[in-house]
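Visitor: Chains A and B, in that order, are what the protein sequence lines are. Mapping to our numbering: the first sequence position 207 is 207, numbers consecutive. Mapping to our numbering: the second sequence position 84 is 84, numbers consecutive.
No lab work stands behind these hints, which were simulated from the structure alone. Keep in mind it's a predicted model, so treat the numbers as computed, not measured. Watch out, some of these pointers could steer you wrong.
Below 25 Å or equal to it, Euclidean Cα-Cα: the simulated DSS-like pairs (lysine-lysine) are [said to hold, decoys possible]:
{"id": "1", "chain 1": "B", "residue 1": "K3", "chain 2": "A", "residue 2": "K159"}
{"id": "2", "chain 1": "A", "residue 1": "K173", "chain 2": "B", "residue 2": "K11"}
{"id": "3", "chain 1": "B", "residue 1": "K28", "chain 2": "B", "residue 2": "K111"}
{"id": "4", "chain 1": "A", "residue 1": "K440", "chain 2": "A", "residue 2": "K454"}
{"id": "5", "chain 1": "B", "residue 1": "K3", "chain 2": "A", "residue 2": "K173"}
{"id": "6", "chain 1": "A", "residue 1": "K56", "chain 2": "B", "residue 2": "K11"}
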Amino acid sequence: MESPVETQPNQVTIPSYTDLPFYRKQVRIALRNCGIINPERIEEYIARGGYLALAKAITEMTPDEVISIMKDSKLRGRGGAGFVTGIKWEFARRSMAKPKYVICNADEGDPGAFMDRSILEGDPHSVIEGMAIAAYAIGSEEGYIYCRAEYPLAIAHLKIAIQQAREFGFLGKNILGTDFSFDLYIKEGAGAFVCGEETALMASIEGRRGEPRPRPPFPAVSGLWNKPSNVNNVKSYAMAPQIILNGAEWFASIGTENSPGTAIFALTGKVNNTGLIEVPMGTTLREIIYDIGGGILGGKQFKAVQTGGPLGGCLPVEALDTPVDFDSLVQAGATMGSGGMIVVDEDTCMVEFAKYFLTFASAESCGKCVPCRIGGRRLLEVLTRISNGEGKPEDLDEIEYISRNMKEASLCALGQLTPGPVMASLRFFRSEYEAHIYDKKCPAKVCRGLITYKVIEENCTGCMVCKRNCPAGAISGEKRQVHYIDPNICERCGICIEVCKFDAIMVE
Amino acid sequence: MAKIESVQALKAFQQQQQQAHEQARQEKVVIYVGAGTCGLAAGAGETMEQIELELGKRNLTAEITTVGCIGMCVREPLVDVQLPNQPRITYGNVKPDMVARIIDEHIIGGKPVLEWVVGVVPQDW
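For reference, chain B alone in the conformation it holds in the complex (with noise of 0.2 Å):
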């Protein structure tokens, strides 16, 4: 990345970047793992890699990102899934044995599992 050396080049960045970020969201399936030290504690490093191997095993592909804590510390670790343009839906307390079903369920069947459901991140957060 070169450096960004005028207002006009930092303003045109970002408007890239959010075109970026829209497009994704309108096409790709995006599951966000709340990693921050509260999260990994309480076990969102094994709920990740599982997340990795259920996907593999489906030959699903979705972008997994990490994100920091959002305050809910007590539903650590916090797993969001976002499917093509639909909202960004928070799970809470998932272990690595709740993984499978939130991608059968949710991702290839486009239904949450409303039991597990802590709510959705709303768009303009």
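Chain A with its partners taken away, still in its complex shape (with noise of 0.2 Å):
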């Protein structure tokens, strides 16, 4: 960012943050709190209107009255799914087995995603606040947040947060004098990408291993330990106290008329203005990247952005003026996901992008479904190969095959959507797939196995800072003598073009 500081004669002028191009854009709901108020601190929580959803819902409305209002804010799962909060807490409701437990899916895994983890740090009562509330709609008295244990600092601000409560009456029993009785509890999470999917998660909760099971049943009728449960996501529930608060009407008149409300992405990657964002629905990437995240850094081109993560999607310049919303997004061939957004630039090679997403996906396979266990390794291998140089004109039909199988046979979202990133870099960059099995070459001059790098002659002096500086010893020649890279003894790791100051050094 420049600085916003704009000085006239005799004059000088500090800017509103919702002047600032960053902010100009965003409506903040979920990270109203977050960055103003001492997380720490729940009187200034309290002092924000904290904890008055709750009041006005346990003591003015009946469940169903709550259940009401989030069904017609049309508030739409936050965790990436999508399905409308309001019904699945109904869902639950209806259900008649006791007890009924409350779930905060915390486990935020995705590579470059950051929204929950930074709504738990700066604002951990507006979780716990809309948790009590979705208890009190579906009859419950027991809640957990499972929440990563790499992230000490939100776990440690949950801690400080959930006591206090206590402390204050919002948690425990008979809370604000009713007969409403709720408590919390926090599971840490030891690191499984799988475990934020819903039944791996509540089999986690229970001590077994992080493995999903088959839906149905799900969770609203047979969940943690096979009583009824409500499993959301982190922004949700932070969502929901405003709801209640502001009315279903004022949610619904933000965003879309199909995706109402805001949706939060951690904006990440080759921008000039990395960060944590709130927007309504319905703003387009191109206003994201260009306007909040000031456009790619260093003036270079824009290439794709991924969204929904590992298990997202990426779409090409083409598709910069998509609205981001749950719909429009899937159309355009991403998720909508939980809100990473990894914005990549022309020295970005596609199929190194695809292949590291696949990589993580496919070493986070549980391996209990064999399409998720064998197929994202088979896919893994045909993108090596690919990358390697050795792939072969069949590679791309078996990669779409390879897909196919894996959407339609896994078990859980995990194997159904590890082709995603796969798939969407085929369709749109399908050129650059062909570039490296027929023509053998890299466009983005990223794949080592498909590069090599050379000695510009006219530009070396000799000077042999990149002789001193290679580390497989590959360079050659004397003080003052153009010099030598011996292909097959370099690594490709490219010191030599850092360090060279006569720009004598290229690759091809």
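Please dock the two separately framed chains into a single complex, following the hints provided.
Guide: As structure tokens, then:
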């Protein structure tokens, strides 16, 4: 970001956040307290209207009225699947078995995503309040927050917040003098990506291996310890108190008709302003990347944006005017996901990019079902072959064949969506795959098996800097003589390019 | 803190907290340090230590409070300075060696260090 301060003669104005390009298009609902209040002081949360929504729900409304507001608001689950939260709560309410559980999915595992972490760290009480409202609505007295152990600060803040909420009487028996009782516990996840899948998550809380099981039965009918359970994402719970306080109409008036409210993204990658943003649904990718994100780093060309994390998809420059909402992103070929948004520039090889996510997703396969366990591995083998320059013409069909089967036959979303990034990059960047396979070239000059480093003889002064810095000892040449890189020894690490002061090394 | 056992009591407590907050805003120097994981990773811990050190050197008292992530990860560590009855002004990428100047010019001299300023946190946020 450039300095926003405008200096005029005799007058200096410091702009308000709302005038900064980064914030101008943002609407903060779930993030309203993040960065504003001290998250370790419940008093500051209360001063900003905290726990008034819970008070309103349990003293002025019936559980059915709470559910009806949530349904009317049309809030869709912010974990990624986008199921209407109010309907989910209604299913759990209708289940007769007791006890019931309220569960918060805070097992945020996507590389480059930090939306849930920031809310838990910056405003933990909003999540606690949202869970208590959900508990009242479905008739539950016990809740769990499943938070990955790699988030120590989030867990520390949650622990403080839960303790304070108990002291103030927002958790525990007879909350605010009513008959409603609810208490909350933290379960620390051990770092398995698949535990973000709700059935695997519940298995993990029960102390079993974090493996998914087929649905139905859905958690609302048979969840934790086979009892009715409601699982929502951190962001969905954090929005609930605001919907109760301000009404369904207010929430539905923000965003688009079928995806009301705001979307929260962790904007990362090759943009100038990386950060955490909350925008009305329907904001376009272009507005997010160029207006809020300030464009591509170093003035380079935009190449693709990955939404939905390792199970999502990438979109090319032609899709920049796609509005971000649950349906438009799927239609365009990506997914909303939980809110990771990674921007890449022209220097990124899309085969390598897809391979990165595939490596992640296949390593995180729990191994329970064959399509995911074997399919992911085979897919990775094909992609590795292509990026090494050993790709065969039939490999592209092979990718599509494996992907289709994984999508149709895998047990849970992890296996079903693992091929997502590969399929999306193949769809939008097919020519890059073909260049790797037929021409044995990597257009972005990234894949090590397909590039060679060469000395540009006219520019080389024989200063010997590259020779001294080459870790592989691949460079030869005498002082003030043109140097030579032996392609058989060269590791393609790129250090010589970085250290050369005369632009005398090129990649082919 | 005794349990809050009715909605009335909660509303009364909220008002009392709002007033206390408003009073502090009018009377105190408040320094906010963005200390979420993103802030800490960018060095907010060191920056905060330096703030305490430099305030101590000058015998100044200010309320130092930590806040979560406000979103501008690229500008972390973020430090906001709020003088009594003045707007809350945010500085970006505040390294320990920048702290002394912010304290001298802004807190003591009353003039924000414009070249490091990011913006003003809106009061209705």
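Visitor: Holds or violated: K28(B) and K111(B), Cα atoms, limit 25 Å.
Guide: Roughly 17 Å separates the two Cα atoms, so the pair holds.
Visitor: For the pair supplied as a hint, K56(A) and K11(B), is the alpha-carbon distance within the 25 Å limit?
Guide: holds (11 Å)
Visitor: Taking only the CA atoms, is the gap from K440(A) to K454(A) under or equal to 25 Å?
Guide: Roughly 17 Å between the alpha carbons, so the hint for K440(A) and K454(A) holds.
Visitor: Does the alpha-carbon distance linking K3(B) and K159(A) stay inside the 25 Å limit?
Guide: holds (18 Å)
Visitor: Check whether the Cα positions of K173(A) and K11(B) lie no farther apart than 25 Å.
Guide: Measuring from Cα to Cα gives roughly 20 Å; hence the hint holds.
Visitor: Verify the proposed pairing of K3(B) with K173(A), using a straight-line Cα cut of 25 Å.
Guide: holds (11 Å)
Violated hints: none; the structure is consistent with every hint.
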